[in-house]
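Protein chains in written order, with my numbering: chain A, 1 to 415; chain B, 1 to 157.
It is worth saying that the hints were derived from the structure and are not from the lab. Quick reminder that beta carbons are idealized off the backbone N, C-alpha and C, glycines included. Be aware that a few hints might be false.
Said to hold, decoys possible - Okay, derived cross-link-like pairs now, DMTMM-like style, lysine to aspartate or glutamate, Cα gap no bigger than 25 angstroms in a straight line: (1) A:Lys131 / B:Glu8; (2) B:Lys103 / B:Asp151; (3) B:Lys12 / A:Glu181; (4) A:Lys364 / B:Glu23; (5) A:Lys331 / B:Glu95; (6) A:Lys149 / B:Asp139; (7) A:Lys73 / B:Glu16; (8) A:Lys183 / B:Glu23; (9) A:Lys131 / B:Asp60; (10) A:Lys131 / B:Asp139; (11) A:Lys131 / B:Glu11; (12) A:Lys142 / B:Glu9; (13) A:Lys307 / A:Glu380.
As the list claims (entries may be wrong) - Facing chain A, a subset of chain B residues (Cβ under 7 angstroms, in silico): (14) Ala25; (15) Leu29; (16) Gln52; (17) Lys53; (18) Asp55; (19) Thr57; (20) Thr69; (21) Phe71; (22) Asn72; (23) Tyr79; (24) Gly93.
Chain by chain, the residues:
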Amino acid sequence: MIVKIVSKNFDIENSHKLEVALKHGRYASLEKLFSMSPNEVTEEVTKSGLRGKGGGGAATGDKWKLMPKKHEKPSYLVVNADESEPGTFKDRQIMEYDPHLLIEGIINSSYAIGAHHAYIYIRGEYVFWAKRVNEAIDEAYKAGYLGEKVSGFDYKLDVTLHRGGGAYICGEKSALLESLEGKRGHPRLKPQQKEPEWFFGGPTVVNNVETIASVPFIIKEGFEAYRAYGTDQSPGTMLFGMSGHINNPGIYELPFGTSMKQFIEEVGGGVKDGKKLKALIPGGSSCHVLRADEIDNITLDYESLKKHGSSLGTGGMIIMDEDTFMPEAMKNLFEFYHHESCGQCTPCREGCGWVDKILGKLLKGKGTQADYKTILDACEMLNGKTICVFAPSVAYIANSYLTKFKEEFDSLCKN
Amino acid sequence: MSEFKFNEENEKKFEELLTRYPERASLSLPSLWMVQYQEGWISEDAMVYIAQKLDTTPMDIQSIASFYTMFNLKPIGKYHIQVCKTLSCKLCGSEAIRSHLQKQLGIKFGETTKDMKFTLSEVECLGSCGTAPVMSFNDDYIENLTIEKIDKILDES
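Construct all of the structure, not just a fragment, from the sequences and the given hints.
What follows is the structure, given as structure tokens:
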């Protein structure tokens with residue numbers, strides 16, 4: 001069930017050091033890369049069907065194609081390493097065990113989009129990982145894999161690591177760019193037409209760490225080799241995570257299309273302490289919660305999760321056993337959303353707080369019959385009235401808890 | 001004019017970073033980090049200094065510094081303990097860890113011990129869900145937390 005594409009070097013001792021990384025295939029894609037034109041590289045990635053692994057699942061090749069061929073300002077690649085979605089801890093594995101794979105991916109991707117400077121925006125709390133990536137960047141500069149002539153080829157590339165300051169919203173790409181420009185991490189209004197992102201007016205691509213780390217394999221082995229894994233619409237592999245009430249928590253690379261139930265039982269070792277599964281969140285807390293009786297036919301790919309009323313997100317699953325009281329789980333997540341709303345839009349800033357407060361009241365045994373509907377009303381106010389998708393996703397997930405575990409909420413709304 | 005100044009190492013780092021970004025405004029977060037590592041916290045005086053360095057207003061720097069939760073805008077203890085309180089950690093028993101820490105240190109979340117040795121904070125998801133419960137102890141993550149692990153760290157600090 002487990003495959004090793006991105007995670008190939010994870011178990012090798014000292015795999016983060018250049019010397020070891022080189023022995024295990026790192027930077028081996030560069031020769032082929034520079035024999036191709038940037039357009040050919042983009043085409044190869046498009047054909048591979050690689051999709052963004054930060055949660056959205058947008059086609060990476062299509063994103064790259066939005067970059068203008070000519071622009072007065074330089075182009076940039078920005079790597080999103082602001083991993084903060086509850087349940088998600090995959091990008092840090094890449095940065096810890098194979099930072100040179102990330103740098104190799106950055107070289108591949110920057111070349112394709114015509115960027116000569118790439119930034120890695122890493123969450124502020126990841127101090128250890130920031131140090132590790134910085135050490136790898138230094139090694140790469142010294143060995144000539146970064147700088148004036150990448151690996152001796154006529155292509156210049158600089159990479160700079162930038163630390164965030166502890167704001168979840170900076171994982172949203174436009175907020176990330178605002179933050180990288182030195183401002184508060186407030187998401188930007190989205191344009192009507194499809195266009196790239198902008199960093200100080202220069203066309204920019206923002207890609208997740210794992211997405212970038214998937215590119216060298218595609219370039220070196222060809223798009224068909226990548227498509228040999230996964231499903232037609234979700235090709236390739238993904239680093240899936242498991243946490244919560246599970247026997248073997250961790251990160252495992254699987255081809256898309258793997259059975260969810262099999263993954264939980266065979267790789268995860270089943271629910272902790274022999275208890276029964278009650279519910280799970282499939283890919284980070286911003287996905288609809290699923291009841292145990294809903295997962296039988298689910299496979300781990302974008303289409304299947306969507307068909308079953310949830311989403312694949314970041315692939316970080318949170319498992320909850322039969323003793324979990326769902327209103328408490330929901331309250332925990334709403335404390336998170338209340339704290340992490342950036343505060344730019346009133347419905348989100350106030351709404352998340354109100355839902356959190358009402359849930360608190362319910363859990364103190366002071367809930368009234370009107371409260372259930374008040375929460376639903378508050379969610380209505382959160383949906384579709386804000387600049388970014390933070391509030392709408394909060395509204396959707398609230399609905400999933402409230403409807404799927406209605407009897408538990410009803411038991412708290414008796415007064 | 002501010003009395004705060006970058007030390008030599010940070011001054012050098014600042015100059016170096018200037019060459020890495022298209023505009024100097026990008027240096028606000030890196031500068032705030034440098035101040036915090038140098039002083040342990042970020043004073044208004046230091047914000048005036050950063051504002052001068054970045055050709056902007058102190059107000060602007062304050063608005064940025066106050067947005068990001070990791071910047072300490074008042075002095076904190078020598079050791080900053082930040083315990084994750086989000087779902088995976090909660091499911092794996094973070095509540096026992098949280099009450100144990102408060103009991104051992106004799107302070108509540110958001111407080112600092114009188115001897116300025118420990119500051120205790122609760123934070124949202126640290127991105128360490130597979131090794132929950134987790135806390136950060138200054139810059140280091142302590143994963144798969146147990147009461148024994150906490151006692152050992154507190155004893156050794």
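| request: Please write out, lowest number first, the hints stated earlier that are contradicted by the structure. | output: Numbers 4, 6, 9, 16, 17, 18, 19, 22, 23 and 24, in rising order.
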